[in-house]
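Protein chains in written order, with our numbering: chain A, 4 to 236; chain B, 4 to 236; chain C, 4 to 236; chain D, 4 to 236.
No wet-lab data here; the hints were simulated from the structure. Computed from a predicted model, the values in this text were never measured in an experiment. Hints may be right or wrong, so weigh each one.
Where chains are identical, the list cannot tell them apart; a pair therefore holds if satisfied intra-copy or between any two copies.
Pairs of lysine to aspartate or glutamate residues, derived as DMTMM-like cross-links and limited to a Cα-Cα distance of at most 25 Å, are as follows [said to hold, decoys possible]:
| no. | residue 1 | residue 2 |
| --- | --- | --- |
| 1 | Lys229 | Glu139 |
| 2 | Lys89 | Asp124 |
| 3 | Lys226 | Glu12 |
| 4 | Lys23 | Asp54 |
| 5 | Lys160 | Glu12 |
| 6 | Lys226 | Asp65 |
| 7 | Lys221 | Glu59 |
| 8 | Lys229 | Asp114 |
| 9 | Lys226 | Glu138 |
There are 4 protein chains.
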Amino acid sequence: MSQFQSIKEEAYQANMDLPKLGLVLFTFGNASAVDREQGVFAIKPSGVPYDTLRPEDMVIVDFEAKVVEGSMRPSSDTKTHAVLYKHWSHIGGIVHTHSTYATAWAQTQTDIPIFGTTHADHLTVDIPCAPVMSEEMIQGNYEHMTGFQIIDALKAKALSPEEVEMILVANHAPFTWGKTVKKAVYNSAVLEEVAKMAWLTRQIRPDAPRLPDPLIQKHYERKHGKNAYYGQE
Amino acid sequence: MSQFQSIKEEAYQANMDLPKLGLVLFTFGNASAVDREQGVFAIKPSGVPYDTLRPEDMVIVDFEAKVVEGSMRPSSDTKTHAVLYKHWSHIGGIVHTHSTYATAWAQTQTDIPIFGTTHADHLTVDIPCAPVMSEEMIQGNYEHMTGFQIIDALKAKALSPEEVEMILVANHAPFTWGKTVKKAVYNSAVLEEVAKMAWLTRQIRPDAPRLPDPLIQKHYERKHGKNAYYGQE
Amino acid sequence: MSQFQSIKEEAYQANMDLPKLGLVLFTFGNASAVDREQGVFAIKPSGVPYDTLRPEDMVIVDFEAKVVEGSMRPSSDTKTHAVLYKHWSHIGGIVHTHSTYATAWAQTQTDIPIFGTTHADHLTVDIPCAPVMSEEMIQGNYEHMTGFQIIDALKAKALSPEEVEMILVANHAPFTWGKTVKKAVYNSAVLEEVAKMAWLTRQIRPDAPRLPDPLIQKHYERKHGKNAYYGQE
Amino acid sequence: MSQFQSIKEEAYQANMDLPKLGLVLFTFGNASAVDREQGVFAIKPSGVPYDTLRPEDMVIVDFEAKVVEGSMRPSSDTKTHAVLYKHWSHIGGIVHTHSTYATAWAQTQTDIPIFGTTHADHLTVDIPCAPVMSEEMIQGNYEHMTGFQIIDALKAKALSPEEVEMILVANHAPFTWGKTVKKAVYNSAVLEEVAKMAWLTRQIRPDAPRLPDPLIQKHYERKHGKNAYYGQE
Numbered sequence: 004m005s006q007f008q009s010i011k012e013e014a015y016q017a018n019m020d021l022p023k024l025g026l027v028l029f030t031f032g033n034a035s036a037v038d039r040e041q042g043v044f045a046i047k048p049s050g051v052p053y054d055t056l057r058p059e060d061m062v063i064v065d066f067e068a069k070v071v072e073g074s075m076r077p078s079s080d081t082k083t084h085a086v087l088y089k090h091w092s093h094i095g096g097i098v099h100t101h102s103t104y105a106t107a108w109a110q111t112q113t114d115i116p117i118f119g120t121t122h123a124d125h126l127t128v129d130i131p132c133a134p135v136m137s138e139e140m141i142q143g144n145y146e147h148m149t150g151f152q153i154i155d156a157l158k159a160k161a162l163s164p165e166e167v168e169m170i171l172v173a174n175h176a177p178f179t180w181g182k183t184v185k186k187a188v189y190n191s192a193v194l195e196e197v198a199k200m201a202w203l204t205r206q207i208r209p210d211a212p213r214l215p216d217p218l219i220q221k222h223y224e225r226k227h228g229k230n231a232y233y234g235q236e
Numbered sequence: 004m005s006q007f008q009s010i011k012e013e014a015y016q017a018n019m020d021l022p023k024l025g026l027v028l029f030t031f032g033n034a035s036a037v038d039r040e041q042g043v044f045a046i047k048p049s050g051v052p053y054d055t056l057r058p059e060d061m062v063i064v065d066f067e068a069k070v071v072e073g074s075m076r077p078s079s080d081t082k083t084h085a086v087l088y089k090h091w092s093h094i095g096g097i098v099h100t101h102s103t104y105a106t107a108w109a110q111t112q113t114d115i116p117i118f119g120t121t122h123a124d125h126l127t128v129d130i131p132c133a134p135v136m137s138e139e140m141i142q143g144n145y146e147h148m149t150g151f152q153i154i155d156a157l158k159a160k161a162l163s164p165e166e167v168e169m170i171l172v173a174n175h176a177p178f179t180w181g182k183t184v185k186k187a188v189y190n191s192a193v194l195e196e197v198a199k200m201a202w203l204t205r206q207i208r209p210d211a212p213r214l215p216d217p218l219i220q221k222h223y224e225r226k227h228g229k230n231a232y233y234g235q236e
Numbered sequence: 004m005s006q007f008q009s010i011k012e013e014a015y016q017a018n019m020d021l022p023k024l025g026l027v028l029f030t031f032g033n034a035s036a037v038d039r040e041q042g043v044f045a046i047k048p049s050g051v052p053y054d055t056l057r058p059e060d061m062v063i064v065d066f067e068a069k070v071v072e073g074s075m076r077p078s079s080d081t082k083t084h085a086v087l088y089k090h091w092s093h094i095g096g097i098v099h100t101h102s103t104y105a106t107a108w109a110q111t112q113t114d115i116p117i118f119g120t121t122h123a124d125h126l127t128v129d130i131p132c133a134p135v136m137s138e139e140m141i142q143g144n145y146e147h148m149t150g151f152q153i154i155d156a157l158k159a160k161a162l163s164p165e166e167v168e169m170i171l172v173a174n175h176a177p178f179t180w181g182k183t184v185k186k187a188v189y190n191s192a193v194l195e196e197v198a199k200m201a202w203l204t205r206q207i208r209p210d211a212p213r214l215p216d217p218l219i220q221k222h223y224e225r226k227h228g229k230n231a232y233y234g235q236e
Numbered sequence: 004m005s006q007f008q009s010i011k012e013e014a015y016q017a018n019m020d021l022p023k024l025g026l027v028l029f030t031f032g033n034a035s036a037v038d039r040e041q042g043v044f045a046i047k048p049s050g051v052p053y054d055t056l057r058p059e060d061m062v063i064v065d066f067e068a069k070v071v072e073g074s075m076r077p078s079s080d081t082k083t084h085a086v087l088y089k090h091w092s093h094i095g096g097i098v099h100t101h102s103t104y105a106t107a108w109a110q111t112q113t114d115i116p117i118f119g120t121t122h123a124d125h126l127t128v129d130i131p132c133a134p135v136m137s138e139e140m141i142q143g144n145y146e147h148m149t150g151f152q153i154i155d156a157l158k159a160k161a162l163s164p165e166e167v168e169m170i171l172v173a174n175h176a177p178f179t180w181g182k183t184v185k186k187a188v189y190n191s192a193v194l195e196e197v198a199k200m201a202w203l204t205r206q207i208r209p210d211a212p213r214l215p216d217p218l219i220q221k222h223y224e225r226k227h228g229k230n231a232y233y234g235q236e
């Protein structure tokens, strides 16, 4: 039994949840889970169909994106995961999908406006869209730079990755993260639903106003504040 | 066996029907059933996933929103349910969801116009959208005030909760009710479908006219009037 | 065993296919099959959920809409079916649904333009929308008049019910028919798909042109013409 | 056992995958697999429902569209397949569907713009739409000419069928191909998803810009270039 069995199981389960939640077509997505003590993460192998995937197929990679264990090539987005784990020491899991509605917003290169409490239950700001990468960054170490594209976009908007657990990468697709990979999967599904609702809201009323600030605060705090009263803990 | 077994079963079944009907993602919804004799209602515990939910998990709460029986924290929307049960003595069940199309309309802060007989089979007026809550009400006892937001919105439009069994709460999402919680679930599904059809109608023809009054009356009466001839009773 | 067993089975099967094809929510639809020799048709009872429906529940009705056999009340749209069977002696089955996209078009009171060969494979003209019923007709024998609303709309456009097997009733929803009720169910599904494609076509390109006449003729004839070469007969 | 058993199995499996992937309604589609050594391909019989289809029902046809083996009439689009196999010697399979979003784009007679990396992972150009066929070609050997309509459209845009494995036929629907029929099925699903995302992108932002060239190159090369690093080979 591998010393990385636990994160392999977690990453496997998270990857399998993506098609069940309708978030990926074929192999258009990947999830990873980190082991902070050992300084590695488990990630989906590249291009392997979900219906043949097994927990032991997960590839173990360190924060420099070097393969530590596993016979298969890891996801082509592995370097992006590595950069985020290295710089954001509090996160436990990352998910990348090309889910339909979130990807469409990413293709428009615009933030998703906060229109309602479904959004405010999860974050208090518009869902950020990282700006298009410069040609220089694309020609370089592309997936490595995608990690910095995400980190820089949050910094530029003075947002903390502990409070904002989702982002759109312009012209590409969403990335989400969380304390666990299970939470990152949850965030991907929430993002897709919020993206669909925001599109519909604009379709029905092009000048729909953003959610008033007091409602934003109220809904976020009842789930995440000091005196949170949502859920069982 | 609990003396509240019957409403626990009813509320459980209604909550389980919400994901089956495609009306909730994760735990974004809750249903409750009332026992008028005992002056309590059974409601979903907060944040518990549907796939692990059991009838005995339902929390028993009185009309002041105090827990009477149950070890788990009740839904964070419990106070809204309590206010509605207290003021509307004829209703037997309440459902709250963040269903996609109804929520998008709520986010636009506008009523859903009556465009066809699918709508008129269920109510004779536009589906009302309760106006955005004042900052004062938000800062106060929020979920308690949401109950009054709903009651006041119907009053302001001179609508009876016995005839209009559904409402949108602006920037938030829909609430529905009925003589039984089963009927409230039915109303949530009808509302979602009518919301989708109304959006599509406007997309195809932005100046689509409302349904003519005689057709509104005819369809409503064949289902609900004195000489109703729809169904088996 | 009833002397109407055969049409009861046919009508039952057709009704059960409607939810499977995603064409009805709850009981928002009905299908019937005719027996020309005995001058009666079998139709769904009113308001009975699909999951408890049995072949023996079908109600047998004559062309004056009088119940001939069956203990339940027939569909509230029975008179519409009766009128169509009486006046169109070649048809064997009728289906009525409130399917989402076709109903949205009906709510706009406009014909569905012929934009492509998916449409032309089935009919050579825009899918007609019967105009809004006069107040006089609504106040009268409503469902009976809906039958004439359909018949008159085809006549006004000089269309034959043998060639055009589907119509939208303005502000209401679609009706379809065919030589068998199975074909009528097929037509309901085709209509819903064509309605969705036509909506999308207009969304992408508001001034999308109608299909050129030679393509209309070609596609229709390869399925329905003298020298048809689609299918196995 | 037929000497064509292998392509019959392949074509059967590909045809069965189409409804599973949500790409066809009823019999609105067909897939074929070629045997280059024997100079024939296996294709779905015309108008046979998917739920009764068997591998041995596949019809064996040569590149002049003559039936070589099989008792049923082959798909009405057989001549189009034959022309493509004859002129494109590198392809192993062809798929034709009327999938909803791709067909809507075909009905608008416009190319699908490249808006994101989901598209660029598969091809570096807008998805071409073959122009409307001339009346002369329609009146002639229609399905035969559809093959040339596709070949000519690629030529006119100086595109290679080895690099671009999908096309829209104006007012009709998509065709896709690939080294195997399995790849052609994959391409049909990708096309449908890209078509949906492109529609949504335009809905959210009508002036959304095309993907910058460096990103197009980067994503395509990581999957298809000399130094490809996507997948396991």
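- Message: Which constraints among the numbered hints does this structure fail? Numbers only, ascending.
- Response: 2, 3, 5, 7 and 8
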